[in-house]
Amino acid sequence: MVYFTAEEKAAITSLWGKVNVEEAGGKALGRLLIVYPWTQRFFDKFGNLSSASAIMGNPKIKAHGKKVLNSFGDAVENPDNLKGTFAKLSELHCDKLLVDPENFRLLGNVIVIVLANHFGKEFTPQVQAAWQKMVTGVASALARKYH
Amino acid sequence: MVHFTAEEKSAVTSLWGKVNVEEAGGEALGRLLVVYPWTQRFFDTFGNLSSASAIMGNPKVKAHGKKVLTSFGDAVKNMDNLKNAFAKLSELHCDKLHVDPENFRLLGNVLVIILASHFGKEFTPDTQAAWQKLVSGVANALSHKYH
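For the protein sequence lines, the chains are E and B, in the order given.
Reading the first sequence from the start, the letters are residues 4 to 150 in the working numbering.
Reading the second sequence from the start, the letters are residues 638 to 784 in the working numbering.
No lab work stands behind these hints, which were simulated from the structure alone.
The C-beta atom is built at its ideal place from N, Cα and C for all residues, glycine as well.
Just to be clear, a hint being listed does not mean it is correct.
Said to hold, decoys possible - Rough simulated footprint, nothing fancy, chain E against chain B, three-plus residues with beta-carbon under 8 Å: (1) 664–672; (2) 704–710; (3) 761–773.
Throw the hints in and build the complete structure from the sequences for me.
Rendered as structure tokens:
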């Protein structure tokens, strides 16, 4: 189980408070599909994914990205119980969505990149460390119910 | 073997031209040691690594980071032949330094984060994709001679 210090929790929540979840979610999901093109296979009903600009401008991608990152908000609120928080989503991703858990790690890394990109200097090494720990914890929690 | 399109090569080289290798190198190595603390084991002769600020300010970390990132410059110049470009370094990291190759992937990801943090909007999804491909290629090339 992953443990967060008080400083790590503070670093996470203070940054999260400034995140535009709709915008960041769309960017994170869009960038995942561009940087790791095989992930597009999960979104073949989403319409035009034929280029980077098509993907970043795609309204379904933006909407779904917002949904995914909103769910990350649950992680920020429940850092001491990520496994419990993501239990149902873990079952969903395994049993219905059939997503390889490696993709959770990839998306987590893209989220960190989007945060670094947006926050610049404010994304200090300590903040990066706390967020890297968070995304790793979420990826593990999402993989937990796989069988 | 990894192949780069003309656009990918151009995205990589144009960004690289604006990178302050000394500064970015120190930043990348420092952040690796902060975000993934076990990597400090390779640098126990480097002096004070007791806190994030100690690490980021440590002159040996900065100097070594510059050395490592300068070597990345060879990757940028030899994108079509990463395995050869890093053959000797691969042997060194395996036979003398005993570094787990997973750490090359971690450092590559930290480098992408730094570029994202530094370049803001200029670090477009396409640029990110090209750089992610390069750091993966370098990590593979550095692992290639392991036995």
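A quick look at each hint next to the structure:
Coverage of the stretch 664–672 of chain B by chain E holds. Counting CB-CB distances below 8 Å, 4 residues qualify, and the rule asks for three or more. For the stretch 704–710 of chain B, the assignment as covered by chain E is violated, since 0 residues bring a beta-carbon within under 8 Å of that chain's beta-carbons and 3 are needed. As drawn, the stretch 761–773 of chain B meets chain E at 6 residues by the rule of a beta-carbon pair under 8 Å; at three or more, the given contact holds.
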